[in-house]
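K.L.:
Going by the UniProt record's numbering, 262 is the number at position 262 of the sequence shown; the sequence numbering is gapless.
Just so you know, these hints were derived from the structure itself, not from any lab. In this text, all values refer to a predicted model and were calculated from it rather than measured experimentally. Keep in mind that a hint or two might mislead.
Cβ-Cβ distance ranges computed for the label pairs, FRET-style [what the hints assert, rightly or not]:
| hint | residue 1 | residue 2 | range |
| --- | --- | --- | --- |
| 1 | D268 | D45 | 42 to 48 angstroms |
| 2 | E199 | E79 | 30 to 36 angstroms |
| 3 | Q134 | R26 | 23 to 29 angstroms |
| 4 | E38 | E79 | 42 to 48 angstroms |
| 5 | L133 | S56 | 52 to 58 angstroms |
| 6 | Q229 | D268 | 55 to 61 angstroms |
| 7 | V83 | G256 | 19 to 25 angstroms |
| 8 | E270 | E79 | 40 to 46 angstroms |
Ideal Cβ placement from N, Cα and C applies to all residues, glycine included.
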Amino acid sequence: MTTTPRILIIAGGLTHERDVSVRSGRRVANVLHQAGHEVRVCDLDASLLPTLEEWSPDVVWPLVHGSIGEDGSLQALLESLGVPFVGSHSVQAMMASNKPTAKGLLASAGVSTPAWLSLPQSLFRQLGATAVLQALDPRLTFPVVVKPTDGGSALGISRADGTEALRSAMVDAFAYGERVMIEQFVGGTEIAVSILDLEDGPAPLPPIEIVTDDGSYNYDARYTTDTTQYFVPARLDAALTSAVTQAAVQVHQVLGLRHLSRIDFIVDSEGSVWFIDANVAPGMTDTSLFPQAAEAAGSFADTCRRIVAFAASGR
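Generate the whole structure from the sequences, applying the supplied hints.
P.N.:
See the structure below:
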C-alpha cells in the first residue's frame, strides 16, 4: 500500500438525498485531492463494481445518504468484497439508521430519549387512519414530531400540534418510507455532536448549536436557506457541554459505531439532554455539521486525511 491511499468515494445513488450526497462527495474528494491523494468519485450505479475491480482502491468512503447508503446495505456489499471502507460495519449501521431500533437500544442503556411509537403504513390501510389516530391520543401528547423511521437530512419530518396536523404529517412522512415514527416533542436547544473514532478511540468534536427562525431544522433549513445560525462551540456552560459530549460518546459506543458519526440532541430548559438521532454517514457539504465541528477542532482537511489513513489500515 502506498503512503497516500488511493480513495474511491461513493456518492449519489437513487435516494431522496442524492443532491446532498453528491455535494458531500465532491467536497471530500476536493479536500483529499488537494492533500495529494489519488481520488475518484463513483456513483452508486452499474459502474461501481467494475470500478472497484479495475481500480482496486486502498479504501472506499461511502457518502451515500439515506436508505441503502446508511442502512447497512452498501456496507455489507463492501464487507463481502473485502474492501476497507470508512464508517460503521453493516449491522451497526443498520441498527443506528433505523430510528426506533436505535432509540430502543439506547433507552435500554439508560440514555434519555423522547417517548415514541412506530407504525407501518399497512396498519393504517387495514384498520383505517381515523381509528388509528384516535387510538394514539392517549399514548403521546401533542405536540409530537413525525418522521420516517429511516433516512436523514430531515426529509419528511414535521411537527404536529393536533390530530388533523398529525394526519397530514404522517402522509408526508409515508412519502419517504413504509414506516413512520411518532415522537414526543421536546422543546429546547438543538445540539449536534460529531464523533471522531480513530487511534485513541471515540472523541467528541466541539458541539454545534443550531438556531433557526421557526425552530425547525428541516431540509430547507439545512441545505437551501441562509437563515440557520450555527454556534461553534455551542453556547452551553461547562457542565452542559460535558454532559452532551459524554452522552454523544456513549451513544456512539452503545450503537457500536466506527470511525465517525454525528449524534443529535435536544437540551431542554432544565438542562436535560435528550437523544434524537444518530448519523452513520454525516453530510460533508459546506453547511453540514461534521465539517464545521472538524474545522473548529483544527482542520477539516486534516480530519479527512486521518480518517482515510486509519480506515485504509483495516481498523
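K.L.:
Each hint should be assessed against the structure and marked as holding or not.
P.N.:
Here is what the structure says about each hint:
1. For the pair D268 and D45, the beta carbons lie near 44 angstroms from each other, so the given range of 42 to 48 angstroms is met.
2. Hint check: E199 to E79, Cβ distance near 22 angstroms, so the stated range 30 to 36 angstroms is violated.
3. Hint check: Q134 to R26, Cβ distance near 48 angstroms, so the stated range 23 to 29 angstroms is violated.
4. Checking the proposed 42 to 48 angstroms range against E38 and E79 shows it is violated: the Cβ atoms sit about 23 angstroms from each other.
5. At roughly 54 angstroms, the beta-carbon separation of L133 and S56 lies within the given 52 to 58 angstroms, and the hint holds.
6. Distance hint check: the CB atoms of Q229 and D268 are about 20 angstroms apart, inconsistent with the given range 55 to 61 angstroms.
7. For V83 and G256, the hinted distance range of 19 to 25 angstroms is satisfied, since their beta carbons lie about 20 angstroms from each other.
8. Range check, E270 to E79: about 43 angstroms between beta-carbon atoms, so the 40 to 46 angstroms window is met.
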